[in-house]
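*Asks:* Position chain W against the provided structure of chain L, taking the given hints into account.
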Amino acid sequence: MMTRAFLLKALMKKTNHLISLNGFRSFSITNFSRCISTLILAEHENGCIKAQTVSTVVAANSLSESSSISLLLAGSGSSLQEAASQAASCHPSVSEVLVADSDKFEYPLAETWAKLVDFVRKQREYSHILACSSSFGKNVLPRVAAILDVSPVTDVVKILGSNEFIRPIYAGNALCTVRYTGPGPCILTIRTTSFPVTPVTADSESKKATISQIDLSDFKEDSDRKSRYVGQSVQDTERPDLGSARVVITGGRALKSVENFKMIEKLAEKLGGAVGATRAAVDAGYVPNDLQVGQTGKIVAPELYMAFGVSGAIQHIAGIKDSKVIVAVNKDSDAPIFQVADYGLVGDLFEVIPELMEKLPEKK
Amino acid sequence: MKILVAVKRVVDYAVKIRVKHDKSGVDTNNVKMSMNPFCEIALEEALRIKEAGFAKEVIAVSIGPSQCVDTLRTGLAMGADRGIHVETSSSFLPLTIAKILKSLADVENPGLIFLGKQAIDDDCNQTGQMVAALLDWPQATFASKVVLDKDKNVATVDREVDGGLETLSVDLPAVITTDLRLNQPRYATLPNIMKAKSKPIKKTTVEDLKVDIKSDIEIIEVTEPPKRKSGVIVSSVDELIDKLKNEAHVV
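Protein chains in written order, with the working numbering: chain L, 1 to 364; chain W, 1001 to 1251.
So that you can see chain L by itself, here it is in the shape it has in the complex (with noise of 0.2 Å):
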């Protein structure tokens, strides 16, 4: 409870800035504005910003009323200079985008890029670095806050203040509350289905940010380099990205077979959506790894979730219960999935797929 004395003063403290309405206000916005500058570490592909980085402006944008941004573009090439100009009008709250253009980045290794935020950090202060809750981002922040001596908060799922977030913790089953009560730079990994992108009005599409190149000659980087980028396998698939999905259709080990899987993937494509798995499924080998849904996959949030023979475990759960709607089909009607699903239906999946096939309506 607040006290008497506390409210009282915090009604003076009313009065007087009323009183000096002007001068006070532009004093507290510049000294703001001084202190929040934020540090976006951006991912891209083919010459286009990825649309978790623009979640992750977002969230940076709700650090303070009043704060600078600047993103951070590492890569070589054409495609990197591409992806800096649509970055430089990705959101209206972008005021700077810094590119670094060297082969050294061509590949995404945690050495070079934590090496990389660190320079640009020496140049300009900042007092916020973020980056999405991405692999990439988890493979980087954390060595780069190791170089600056700090702790970094990871998954952050709501911004409080310029230093009070909450963020998940037992897989989601206990959401806490931190304060960020170091100096130097606060460092955060933003779960970006936490904050999502809202569509950019035509007005601010005009405003463009500028455009630096970082000049790399002082970058010294290790003359022996201690690791290299041998390959990468891309699941290349033409169904919607599973992070980013408007309908998430999820199968569990009760799909038995990955001739059976292909229903999942047939109603996914129906609904226009996209497929995940559960740990079951994908060790089971029905699908590859990177569709697993949960605590150690991905973390989803869609408009529309419907898992099919998925039991419910804690840790499935923990990366879908931000979902808007949860369908749940299962056998088993004790099955925990149904405790945090909005519709469950109990039945046989491999009746009520095809059944689901032919009575919804075609997509628009």
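Read the hints as simulated data drawn from the structure, not as lab findings.
There's no promise every hint is true.
Selected chain W positions facing chain L (in silico; Cβ < 10 Å) [stated by the list, open to error]:
| # | residue |
| --- | --- |
| 1 | VAL1026 |
| 2 | PRO1094 |
| 3 | ASP1136 |
| 4 | GLY1164 |
All C-beta atoms in this analysis are idealised placements derived from N, C-alpha and C, irrespective of residue type, glycine included.
*Replies:* For chain W alone, kept in the frame of chain L given last:
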């Protein structure tokens, strides 16, 4: 080559946790504790490397209260050669844990440090990356396959990244954090559990290691996540489609 494996004692993954009434944290009294599942995988991988003749010794390290000895004994029963217990009654942020591991690495000089990719209690996913940074070693996080080349002194690691797999080759010494699919950890057999009782566990403290304790994050409160309002069980596909169309407006 020695391999250092960090193992954490956490609330068992199958336990449904309860938030304390005073919002100070999660109730861990009288709750089943066990080795963090990712740490088991890390230890298993280290043991396999040793069994393949690439390493001489596997050392398990745990930092925490006296009960961490049980976690270390589990590790020794799985096959680790010896344990190091850094005893402390306070809980540390990953940065301090990373500093403790660094100072142990300075003494033990391992060729590899294995950690799990994250602990299932704080879900931080930071310690491995931080140890690597403090030692200035290369890191390979979220590993799903590790192949060692003894002659070249490198490890080739497949990493689970968003959208697929990425392969890196890192010079040793290196830090590797393990993902779920790396291996299936073994069970400790009864004879090995008996044998583990005679394996050495060295006790040390944070003061002995001269680690500066960083506490720049303050926990204000721990609360239960908002409950979803209870749903309905529908009786047919038609009813389900009707609800999705007319009530939830999602199809």
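*Asks:* None of the hints should be skipped; say for each whether it holds.
*Replies:* Consistency of the hints with the structure:
no.: 1; hint: VAL1026; verdict: holds, 6 Å
no.: 2; hint: PRO1094; verdict: holds, 7 Å
no.: 3; hint: ASP1136; verdict: holds, 8 Å
no.: 4; hint: GLY1164; verdict: holds, 4 Å
In summary, this structure violates none of the numbered hints.
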